[in-house]
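Engineer: Note that the protein sequences, when read in sequence, are chains A and B. Counted from 1, the first sequence has number 707 at position 375 by the numbering used here; the numbering is strictly sequential. Counted from 1, the second sequence has number 766 at position 434 by the numbering used here; the numbering is strictly sequential.
Quick caveat, the hints were computed from the structure, so don't treat them as lab data. From a predicted model like this one, the values you see are computed outputs, not experimental measurements. Please note that a few of the clues may not be correct.
Identical chains share a label here; the pair holds if one copy fits it or two copies do between them.
In the PhoX-like style, the derived pairs of lysine-lysine whose C-alpha atoms are separated by at most 20 Å in a straight line are [unchecked claim]:
no.: 1; residue 1: K356; residue 2: K468
no.: 2; residue 1: K698; residue 2: K356
no.: 3; residue 1: K615; residue 2: K382
no.: 4; residue 1: K571; residue 2: K469
no.: 5; residue 1: K579; residue 2: K468
no.: 6; residue 1: K615; residue 2: K353
no.: 7; residue 1: K353; residue 2: K468
no.: 8; residue 1: K469; residue 2: K353
no.: 9; residue 1: K469; residue 2: K615
no.: 10; residue 1: K468; residue 2: K500
no.: 11; residue 1: K650; residue 2: K662
no.: 12; residue 1: K698; residue 2: K774
no.: 13; residue 1: K662; residue 2: K356
no.: 14; residue 1: K571; residue 2: K382
no.: 15; residue 1: K674; residue 2: K650
no.: 16; residue 1: K568; residue 2: K662
no.: 17; residue 1: K468; residue 2: K650
Number of protein chains: 2
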Amino acid sequence: MNNAGERVRRCFGLAWRTAAKVGKEDPRRVVHSLKVGLALTLVSLLYLIKPLFEGIGQNAMSAVLTVVVVMEFTVGATLGKGLNRGLGTLLAGSLAFLVEYVADIPGRIFQAVFIGSAVFILGAVTTYVRFIPHIKKNYDYGVMIFLLTFNLITVSSYRVDNVWAIAKDRIATIAIGGGLCLVMSLLIFPNWSGQELHNSTISKLEGLANSIQACVVRYFNDSETQDDESDDLIYKGYKAVLDSKSKDETLILQGCEIKQALQASWEPRWSRYWHRIPWRQYKTVGITLLHFSYTVVALHGCLLSEIQTPGSIRALYKDSCIRLAEEVSKALRELANSIRNKRQFSPQALSDNINEALQHLNDDLKSQPQLFLGSKNFGAATNAEEDTRVSFSSVKSDCSSMFESKSKELSYALPFAAFTSMLVEMVAKLDRVIDAVDDLAKLSHFGEFRDEDEIE
Amino acid sequence: MNNAGERVRRCFGLAWRTAAKVGKEDPRRVVHSLKVGLALTLVSLLYLIKPLFEGIGQNAMSAVLTVVVVMEFTVGATLGKGLNRGLGTLLAGSLAFLVEYVADIPGRIFQAVFIGSAVFILGAVTTYVRFIPHIKKNYDYGVMIFLLTFNLITVSSYRVDNVWAIAKDRIATIAIGGGLCLVMSLLIFPNWSGQELHNSTISKLEGLANSIQACVVRYFNDSETQDDESDDLIYKGYKAVLDSKSKDETLILQGCEIKQALQASWEPRWSRYWHRIPWRQYKTVGITLLHFSYTVVALHGCLLSEIQTPGSIRALYKDSCIRLAEEVSKALRELANSIRNKRQFSPQALSDNINEALQHLNDDLKSQPQLFLGSKNFGAATNAEEDTRVSFSSVKSDCSSMFESKSKELSYALPFAAFTSMLVEMVAKLDRVIDAVDDLAKLSHFGEFRDEDEIE
Numbered sequence: 333m334n335n336a337g338e339r340v341r342r343c344f345g346l347a348w349r350t351a352a353k354v355g356k357e358d359p360r361r362v363v364h365s366l367k368v369g370l371a372l373t374l375v376s377l378l379y380l381i382k383p384l385f386e387g388i389g390q391n392a393m394s395a396v397l398t399v400v401v402v403m404e405f406t407v408g409a410t411l412g413k414g415l416n417r418g419l420g421t422l423l424a425g426s427l428a429f430l431v432e433y434v435a436d437i438p439g440r441i442f443q444a445v446f447i448g449s450a451v452f453i454l455g456a457v458t459t460y461v462r463f464i465p466h467i468k469k470n471y472d473y474g475v476m477i478f479l480l481t482f483n484l485i486t487v488s489s490y491r492v493d494n495v496w497a498i499a500k501d502r503i504a505t506i507a508i509g510g511g512l513c514l515v516m517s518l519l520i521f522p523n524w525s526g527q528e529l530h531n532s533t534i535s536k537l538e539g540l541a542n543s544i545q546a547c548v549v550r551y552f553n554d555s556e557t558q559d560d561e562s563d564d565l566i567y568k569g570y571k572a573v574l575d576s577k578s579k580d581e582t583l584i585l586q587g588c589e590i591k592q593a594l595q596a597s598w599e600p601r602w603s604r605y606w607h608r609i610p611w612r613q614y615k616t617v618g619i620t621l622l623h624f625s626y627t628v629v630a631l632h633g634c635l636l637s638e639i640q641t642p643g644s645i646r647a648l649y650k651d652s653c654i655r656l657a658e659e660v661s662k663a664l665r666e667l668a669n670s671i672r673n674k675r676q677f678s679p680q681a682l683s684d685n686i687n688e689a690l691q692h693l694n695d696d697l698k699s700q701p702q703l704f705l706g707s708k709n710f711g712a713a714t715n716a717e718e719d720t721r722v723s724f725s726s727v728k729s730d731c732s733s734m735f736e737s738k739s740k741e742l743s744y745a746l747p748f749a750a751f752t753s754m755l756v757e758m759v760a761k762l763d764r765v766i767d768a769v770d771d772l773a774k775l776s777h778f779g780e781f782r783d784e785d786e787i788e
Numbered sequence: 333m334n335n336a337g338e339r340v341r342r343c344f345g346l347a348w349r350t351a352a353k354v355g356k357e358d359p360r361r362v363v364h365s366l367k368v369g370l371a372l373t374l375v376s377l378l379y380l381i382k383p384l385f386e387g388i389g390q391n392a393m394s395a396v397l398t399v400v401v402v403m404e405f406t407v408g409a410t411l412g413k414g415l416n417r418g419l420g421t422l423l424a425g426s427l428a429f430l431v432e433y434v435a436d437i438p439g440r441i442f443q444a445v446f447i448g449s450a451v452f453i454l455g456a457v458t459t460y461v462r463f464i465p466h467i468k469k470n471y472d473y474g475v476m477i478f479l480l481t482f483n484l485i486t487v488s489s490y491r492v493d494n495v496w497a498i499a500k501d502r503i504a505t506i507a508i509g510g511g512l513c514l515v516m517s518l519l520i521f522p523n524w525s526g527q528e529l530h531n532s533t534i535s536k537l538e539g540l541a542n543s544i545q546a547c548v549v550r551y552f553n554d555s556e557t558q559d560d561e562s563d564d565l566i567y568k569g570y571k572a573v574l575d576s577k578s579k580d581e582t583l584i585l586q587g588c589e590i591k592q593a594l595q596a597s598w599e600p601r602w603s604r605y606w607h608r609i610p611w612r613q614y615k616t617v618g619i620t621l622l623h624f625s626y627t628v629v630a631l632h633g634c635l636l637s638e639i640q641t642p643g644s645i646r647a648l649y650k651d652s653c654i655r656l657a658e659e660v661s662k663a664l665r666e667l668a669n670s671i672r673n674k675r676q677f678s679p680q681a682l683s684d685n686i687n688e689a690l691q692h693l694n695d696d697l698k699s700q701p702q703l704f705l706g707s708k709n710f711g712a713a714t715n716a717e718e719d720t721r722v723s724f725s726s727v728k729s730d731c732s733s734m735f736e737s738k739s740k741e742l743s744y745a746l747p748f749a750a751f752t753s754m755l756v757e758m759v760a761k762l763d764r765v766i767d768a769v770d771d772l773a774k775l776s777h778f779g780e781f782r783d784e785d786e787i788e
């Protein structure tokens, strides 16, 4: 009994910690939850307060349903879902009336067959349409609502005479529910999609900067020991970028949708706000970051590689490699700060520092080529091969022990060459990122770059 | 006028071609669409046929709604959504009765306040709970249905006396709709999640094989010209693997869920079918393929790199690199075939071929080290630097022209070393893939490997 009590308590403790963590990660989640609760309570008043209930009646339930389904975290998502729901309902309503008009003419059985066929055809066609990637991405919810409303009206029309009343009530309650959602998400602590995009871009830049630093430090410090913590840090940094693609695309899509919606009419304040966000350019930045992150993945791959260049050789180039990586990280952080503070930056200053570091690495490679490229060691570097064997011993599977005997003869310099090459490649990719962020800064009309902002 | 007609015709043509393409890609989509149409027609009969309608009444609409929402492409997804909907409804129903019981005691106004508070609290709590990643992933739909049903019953209870009737009808119609969906998706041309997973694993293996081959051929043949077609092929191959993670996870999750559901009871035929699928192992294979694909991305990065080793040097190692890549591709195809035909394979035979190719590359690197590692050329290889400058001229942005002057002094051998290193790394990663597929073959009880199956 005591045991069970203990277990329940531990279970609750875990649930509480998980919940607290979710809230701490993003306090806006708590606010959003309270907003949904408030919206639901308000929409329930339609049912609870007598005069309101008499005006709307049983259909008030449909408004509650709309609030549950439409209310999303960001303004953009709420607007998108609301538009989808509204358009789907309207379109289905129009089509259903057409079908009803045709079905109205002859006998009862023909009517039933006609309705059945219409349901079958529309059901099959809309389901098929949802497989088209473009529809799936933008209008999946709208198509589902279309099918739902169409069936509701068409099938009801067989038993209920006044279908027009059903349709009218449904549209009215959906409008009430949708309107309430919009008001709640636009006016009370709004979460703008643009802000989300802004924040996610900043955190991606900083994550990559952390990744690179951790990567290089680990490569030169203790590559033999498995350091899970730094591995986690590296992984988290680029994983955020690799995973963010579809989430960002949704945000951008919503942004562009809303921009169009607001272009049509609406209040100037929001319109101005949304117009100032260069949605497409955020996408460009995201893509350059994605490509950049592939080189980080490859760099991380060099750490995890089963074939390693001996530490003694790596140590020769340690300083210049770390310096280059640090300059790259610093540049990424500078870009993140530029976006965060909405200030332009000087691409020239960033490049100069990186070029200097690159030159330094180049000098190092030149000054000690005999070890790195040492063709004399290549054939019979017994000491080095000894070293290599140590790394190899970590390989456990059967097959790799067969590879082992072959591949250890391959130049032990190859892995380090790959590592250096990835660093250099990273600089080239960083260049694209700098360009994209520079364009973003110009399109967003960030504040001018001032000399006192300069990187120390 | 004619112009507009032409445009409409072209628009329809495009829509038709898109629709045809979607169907051609996977003919099961057409079947599924017809199935949904049929299910909707059948459920509409509840409304259209008089005796049925008299039994169920207006609530038949709720069954239609359930079919629209629950019917998914695979058996697993349908079951998952059905279970979510069923559990959410039942749980909300129980809780709503508790609330109603408490609210039943005192005066009218207190009752309204109590209901309003309950709606607010439950609304806020469920919305918050949906932010927890584990819930979001597995039960998002169920939690939404819970909130929906709870509000429906609680709020209705204020105006309607017989809430039990509402709840009963709702549960009954949801059961009818859900049951119909299950029957349709289980019995009529079922699309098993396991089959999906099986097919997606095969196509991923083959896609990677194509990627690698195209990569290596392009690297050695005409790296100067931009060949969009082969670029597309390379990109498609690894993109499928990079993108598949969440889709596969959903399938695996569904599989495990269903396995648990079927474990409890149910017909032995399906139970046996689902038990034979080693869901978790498919996940392991997916993860090893993901890591493998990172090296393919890096290899592709070597092609797109702005710094290139001169073609004359690359040509020296062309044959052995292409051979190694071809062995790797062949091994991947062999694995795909093993999964497709449900036959075990011989890891030994695969490794032997690859080792031979690896040895060959090693010999080549050894026999001509003076060019690859040429420390004499390193300092002042004017010809080679001339070559490098050609590749550099393709870099257009301002910043990179600054990098150019520095980094071209970096050894021109680095990029090729990276390329080779990635190839060797790929062999090491392939090893993991082979192990994972081997385990999969054993866990799935694939047919024994026979000698006549051996790779020619």
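Engineer: Against this structure, judge whether each hint is valid.
Structural biologist: These are the hints, each one checked on the structure:
| no. | hint | verdict |
| --- | --- | --- |
| 1 | K356 with K468 | between (33 Å within a copy, 17 Å between copies) |
| 2 | K698 with K356 | neither (51 Å within a copy, 58 Å between copies) |
| 3 | K615 with K382 | neither (50 Å within a copy, 56 Å between copies) |
| 4 | K571 with K469 | between (23 Å within a copy, 18 Å between copies) |
| 5 | K579 with K468 | both (15 Å within a copy, 15 Å between copies) |
| 6 | K615 with K353 | neither (30 Å within a copy, 28 Å between copies) |
| 7 | K353 with K468 | between (33 Å within a copy, 15 Å between copies) |
| 8 | K469 with K353 | between (31 Å within a copy, 17 Å between copies) |
| 9 | K469 with K615 | within (16 Å within a copy, 26 Å between copies) |
| 10 | K468 with K500 | neither (28 Å within a copy, 35 Å between copies) |
| 11 | K650 with K662 | within (18 Å within a copy, 39 Å between copies) |
| 12 | K698 with K774 | neither (40 Å within a copy, 52 Å between copies) |
| 13 | K662 with K356 | neither (28 Å within a copy, 50 Å between copies) |
| 14 | K571 with K382 | neither (54 Å within a copy, 58 Å between copies) |
| 15 | K674 with K650 | neither (35 Å within a copy, 50 Å between copies) |
| 16 | K568 with K662 | within (18 Å within a copy, 34 Å between copies) |
| 17 | K468 with K650 | neither (50 Å within a copy, 44 Å between copies) |
Of the numbered hints stated above, those contradicted by the structure are hints 2, 3, 6, 10, 12, 13, 14, 15 and 17, listed in ascending order.
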